[in-house]
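Student: Read off the chains here:
There are 2 protein chains.
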Amino acid sequence: MADYAIGVDLGGTNLRAAAITASGTMLEKVGAPTDLSTAETVIRDIVRAIESVRAKLREHRLVGVGIGVPGFIRIAEGLVVGSNNLVCLEGYPVRDRIEQALGAPVILENDANAAALGEKWMGAGRDVEDLVLLTLGTGIGGGIISKGRVLHGFVGMAGELGHLTVAPNGNPCGCGNTGCLEKHASATAIESMAKLLALGDDLTAKDVYDLAVAGNERARRVFESMGQALGVAIAMLINVFNFPLYLMSGGVLAAWDYFYPSLEAEVRRRSYTYRHTETRIEKARLGNEAGIYGAAYLPFQAQQAIFAS
Amino acid sequence: MADYAIGVDLGGTNLRAAAITASGTMLEKVGAPTDLSTAETVIRDIVRAIESVRAKLREHRLVGVGIGVPGFIRIAEGLVVGSNNLVCLEGYPVRDRIEQALGAPVILENDANAAALGEKWMGAGRDVEDLVLLTLGTGIGGGIISKGRVLHGFVGMAGELGHLTVAPNGNPCGCGNTGCLEKHASATAIESMAKLLALGDDLTAKDVYDLAVAGNERARRVFESMGQALGVAIAMLINVFNFPLYLMSGGVLAAWDYFYPSLEAEVRRRSYTYRHTETRIEKARLGNEAGIYGAAYLPFQAQQAIFAS
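Quick note, the sequences are listed as chains Z and E, same order.
Note that the working numbering gives residue 94 to position 94 of the first sequence, counting from 1, and the numbers run on in steps of one.
Remember, the working numbering sits 309 above the position in the second sequence when you count from 1.
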């Protein structure tokens with residue numbers, strides 16, 4: 001018999017759930033589509049996925065469930081405050097309803113925070129206690145791990161690193177700001193820049209990458225610009241945190257060789273701390289699994305905190 | 310008999326030392342000029358000031374000494390790595406030499422970090438565990454308090470908030486960056502903007518403030534610009550930390566009414582988190598004493614950590 005936790009990664013179209021032991025062994029894993037019609041259908045799909053994992057592990061003991069959700073979370077209340085992908089969950093008592101259905105403790109967490117914790121536990125951050133993760137996708141998420149734990153701030157909204165201002169009068173953002181990192185360095189930003197450079201309409205970030213690989217100079221300039229924007233942001237994060245490790249994840253990492261040189265040049269110029277310390281800027285290692293690992297680690301951490309107090 | 314710690318605030322031209330009890334009562338205080346000829350003369354002046362305080366409190370017990378120093382500190386080694394004002398101390402084993410001379414434990418800390426901790430202990434941050442302080446002077450320093458303690462990063466250089474990029478192609482900074490907050494919002498930046506607006510040569514920040522009070526529109530625009538730059542930075546800090554409290558200190562606070570409106574407007578526009586949480590942006594309360602209180606609190610915190618472990 002082993003203790004295990006279930007980590008859930010709730011995306012905009014599907015969810016994945018896995019049972020993981022305290023030493024990081026994945027025992028079971030399921031994936032399922034998410035019906036976003038109402039909060040009730042989403043909750044039902046989450047509970048079903050968790051129960052299907054649990055049914056296979058009857059001889060083991062479930063410590064708790066962690067759920068990574070894209071959006072702003074109020075940690076203490078277990079609420080999703082705002083989410084572009086899961087609007088139906090806004091203001092709904094997600095944690096309490098799932099706890100009631102399962103009869104097991106549930107912890108909600110922002111998905112990028114969960115991914116950062118997963119990388120710290122079982123990925124690229126295993127050897128450090130402090131790191132920052134940027135998740136590069138259609139938007140940019142952030143997770144900050146300080147002394148081995150997610151930095152939450154007072155309601156749980158810390159780590160909104162996609163909304164660092166990298167160009168004060170830059171592209172407008174849905175958050176109200178102009179020049180947010182995610183409007184200059186996400187996959188969506190890559191596509192938008194490709195269009196501005198007349199590389200073609202409706203190109204995906206992958207198309208732009210393929211053009212860069214084929215030697216297209218304008219496609220390469222897109223990734224240079226993206227790298228510069230990331231560099232401005234990462235230099236600031238280094239100046240703020242002086243952490244040893246800054247990670248990036250997401251499909252866009254395939255283009256690393258095209259954006260990293262301009263990123264690193266920008267960081268080198270803009271951060272005295274980077275130039276004078278052994279600061280690492282690296283690729284995350286767990287890919288899509290990071291969020292599941294981090295979500296599963298949350299109940300174990302909560303247990304440790306109880307034992308420590 | 311009471312336990313007390315000595316807090317030292319080491320400036321570029323003088324130093325101040327005070328004996329403070331665990332409950333925050335100041336028992337004794339001295340000030341003295343600092344002879345910056347060599348590291349040895351600085352150390353000698355610090356030790357003398359501490360010994361003069363200690364001599365008056367023979368019936369009490371000295372827990373330890375905290376010293377706030379302007380510059381980059383390597384906490385574990387007790388070294389000043391870089392300091393514009395105290396070049397003679399760079400690379401010198403400051404902590405160990407003072408410990409040897411005193412026979413008492415010594416903790417070195419960056420001066421802005423010490424001020425942030427002082428505000429948390431006895432000032433504007435008494436009711437919170439997490440805050441950020443910006444010290445607005447000839448430069449801009451920063452201190453971050455997370456869970457009641459200074460956030461150090463891995464070598465002790467965290468909180469270099471004067472080097473947040475608020476204008477990627479803005480004014481050049483000695484750190485190698487362009488557009489650092491401290492080149493757009495410090496007292497020096499105010500003087501520089503006054504000159505650019507042809508308000509007059511060699512005006513001090515105080516002169517520019519007096520002109521603003523007298524109704525001079527260009528002087529008022531200087532403070533508006535300064536407030537905007539601060540707003541860009543504080544919005545980012547809110548998005549990163551989601552802390553409940555952001556404090557500012559320094560003589561420039563006299564001009565609060567002239568820079569705060571543009572600061573707040575910028576923060577409101579650039580931070581979703583600010584608009585959706587009860588985030589406070591306020592004046593620090595301890596003035597020049599903040600650093601002394603924070604430095605004195607360090608030995609008490611170290612003691613607590615020993616008891617807790």
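Since the hints were derived computationally from the structure, they do not count as laboratory data.
Watch out, some of these pointers could steer you wrong.
[To be verified] Here are the in silico distance ranges between beta carbons for each label pair:
{"id": "1", "chain 1": "Z", "residue 1": "41", "chain 2": "E", "residue 2": "526", "range": "56 to 66 Å"}
{"id": "2", "chain 1": "E", "residue 1": "592", "chain 2": "Z", "residue 2": "269", "range": "51 to 61 Å"}
{"id": "3", "chain 1": "E", "residue 1": "311", "chain 2": "Z", "residue 2": "276", "range": "37 to 47 Å"}
{"id": "4", "chain 1": "Z", "residue 1": "87", "chain 2": "E", "residue 2": "478", "range": "51 to 61 Å"}
{"id": "5", "chain 1": "E", "residue 1": "574", "chain 2": "Z", "residue 2": "268", "range": "25 to 35 Å"}
{"id": "6", "chain 1": "E", "residue 1": "311", "chain 2": "Z", "residue 2": "304", "range": "33 to 43 Å"}
{"id": "7", "chain 1": "Z", "residue 1": "305", "chain 2": "E", "residue 2": "369", "range": "30 to 40 Å"}
{"id": "8", "chain 1": "E", "residue 1": "332", "chain 2": "Z", "residue 2": "96", "range": "33 to 43 Å"}
{"id": "9", "chain 1": "Z", "residue 1": "275", "chain 2": "E", "residue 2": "350", "range": "26 to 36 Å"}
{"id": "10", "chain 1": "E", "residue 1": "338", "chain 2": "Z", "residue 2": "129", "range": "32 to 42 Å"}
{"id": "11", "chain 1": "Z", "residue 1": "200", "chain 2": "E", "residue 2": "478", "range": "26 to 36 Å"}
{"id": "12", "chain 1": "Z", "residue 1": "276", "chain 2": "E", "residue 2": "614", "range": "19 to 29 Å"}
[Stated by the list, open to error] Just so you have them, the derived chain Z footprint on chain E, three or more residues with Cβ under 8 Å:
{"id": "13", "region": "372 to 378"}
{"id": "14", "region": "454 to 463"}
{"id": "15", "region": "535 to 548"}
{"id": "16", "region": "551 to 565"}
{"id": "17", "region": "579 to 592"}
[As the list claims (entries may be wrong)] Computed, partial: chain Z to chain E, Cβ under 8 Å:
{"id": "18", "residue": "130"}
{"id": "19", "residue": "146"}
{"id": "20", "residue": "153"}
{"id": "21", "residue": "154"}
{"id": "22", "residue": "159"}
{"id": "23", "residue": "160"}
{"id": "24", "residue": "167"}
{"id": "25", "residue": "171"}
{"id": "26", "residue": "232"}
{"id": "27", "residue": "235"}
{"id": "28", "residue": "243"}
{"id": "29", "residue": "277"}
{"id": "30", "residue": "280"}
{"id": "31", "residue": "281"}
{"id": "32", "residue": "286"}
Ideal Cβ positions, reconstructed from N, Cα and C, are used throughout, including at glycine.
Student: Determine for every hint whether it applies to the structure shown.
Tutor: The hints, checked one at a time:
1. For residue 41/Z paired with residue 526/E, a C-beta distance near 59 Å keeps the hint of 56 to 66 Å intact.
2. Taken as a hint, the range 51 to 61 Å is violated for the pair residue 592/E and residue 269/Z, whose Cβ atoms sit roughly 34 Å apart.
3. In this structure the supplied range 37 to 47 Å holds for residue 311/E paired with residue 276/Z, their Cβ-Cβ distance being about 41 Å.
4. Our hint of 51 to 61 Å for residue 87/Z and residue 478/E is violated, since their Cβ atoms are close to 38 Å apart.
5. The hinted range of 25 to 35 Å is satisfied by residue 574/E and residue 268/Z, whose Cβ atoms lie roughly 34 Å apart.
6. Separation of residue 311/E from residue 304/Z is about 37 Å and conforms to the stated range, judged on CB atoms against 33 to 43 Å.
7. For residue 305/Z and residue 369/E, the hinted distance range of 30 to 40 Å is satisfied, since their beta carbons lie about 37 Å from each other.
8. Checked against the given bound of 33 to 43 Å, the beta carbons of residue 332/E and residue 96/Z, roughly 41 Å apart, stay inside it.
9. Look at residue 275/Z against residue 350/E: about 30 Å separates their beta carbons, and that is inside 26 to 36 Å.
10. Checking the proposed 32 to 42 Å range against residue 338/E and residue 129/Z shows it holds: the Cβ atoms sit about 38 Å from each other.
11. Distance hint for residue 200/Z and residue 478/E: a CB-CB separation of about 30 Å, consistent with the stated range 26 to 36 Å.
12. Checked against the hint of 19 to 29 Å, the C-beta distance between residue 276/Z and residue 614/E comes to roughly 27 Å, which is consistent with it.
13. Only residues whose C-beta sits within less than 8 Å of a C-beta in chain Z count toward coverage, and the region 372 to 378 of chain E has 0 of them, not enough to reach three; the restraint is violated.
14. With a cut-off of 8 Å between beta carbons, the region 454 to 463 of chain E has 5 residues touching chain Z; three or more are needed, and the interface restraint holds.
15. Restraint check on the region 535 to 548 of chain E versus chain Z: 5 residues with Cβ-Cβ distances below 8 Å, three needed, restraint holds.
16. Check result for the region 551 to 565 of chain E against chain Z: holds, 3 residues qualifying (beta carbon to beta carbon below 8 Å, three or more required).
17. Only when three residues or more bring their CB closer than 8 Å to a CB of chain Z does the claim for the region 579 to 592 of chain E stand; here the count is 7, and the claim holds.
18. Because the closest C-beta pair between residue 130/Z and chain E is about 6 Å apart, less than 8 Å, the hint holds.
19. A least Cβ separation of about 6 Å between residue 146/Z and chain E falls short of the 8 Å threshold, and the interface hint therefore holds.
20. Annotation: residue 153/Z was flagged as interfacial toward chain E, and the flag holds, the nearest CB pair being 2 Å apart, inside 8 Å.
21. Interface hint at residue 154/Z: satisfied, since its Cβ lies 5 Å from the closest Cβ of chain E, which is below the 8 Å cut-off.
22. Because the smallest distance between the Cβ of residue 159/Z and any Cβ of chain E comes to about 7 Å, under 8 Å, the interface hint for this residue holds.
23. The criterion of a C-beta within 8 Å of any C-beta in chain E is met by residue 160/Z, whose closest approach is roughly 4 Å, and the hint holds.
24. Because the closest C-beta pair between residue 167/Z and chain E is about 6 Å apart, less than 8 Å, the hint holds.
25. Contact between residue 171/Z and chain E, as hinted, is not supported at the beta carbon level, the nearest pair being about 13 Å apart and thus beyond 8 Å.
26. Annotation: residue 232/Z was flagged as interfacial toward chain E, and the flag holds, the nearest CB pair being 6 Å apart, inside 8 Å.
27. Interface restraint check: residue 235/Z against chain E, minimum CB-CB distance 7 Å, threshold 8 Å, status holds.
28. Against a cut-off of 8 Å between C-beta atoms, the interface hint on residue 243/Z holds, since the closest Cβ of chain E lies about 6 Å away.
29. Annotation: residue 277/Z was flagged as interfacial toward chain E, and the flag holds, the nearest CB pair being 6 Å apart, inside 8 Å.
30. A hinted interface residue such as residue 280/Z counts as satisfied when its beta carbon comes closer than 8 Å to some beta carbon of chain E; here the least separation is about 11 Å, so the hint is violated.
31. The closest approach between the C-beta of residue 281/Z and any C-beta of chain E is roughly 14 Å, which is over the 8 Å cut-off, so the hint fails.
32. Because the smallest distance between the Cβ of residue 286/Z and any Cβ of chain E comes to about 22 Å, over 8 Å, the interface hint for this residue is violated.
Checked against the numbered hints above, the structure violates hints 2, 4, 13, 25, 30, 31, 32; every other hint is satisfied.
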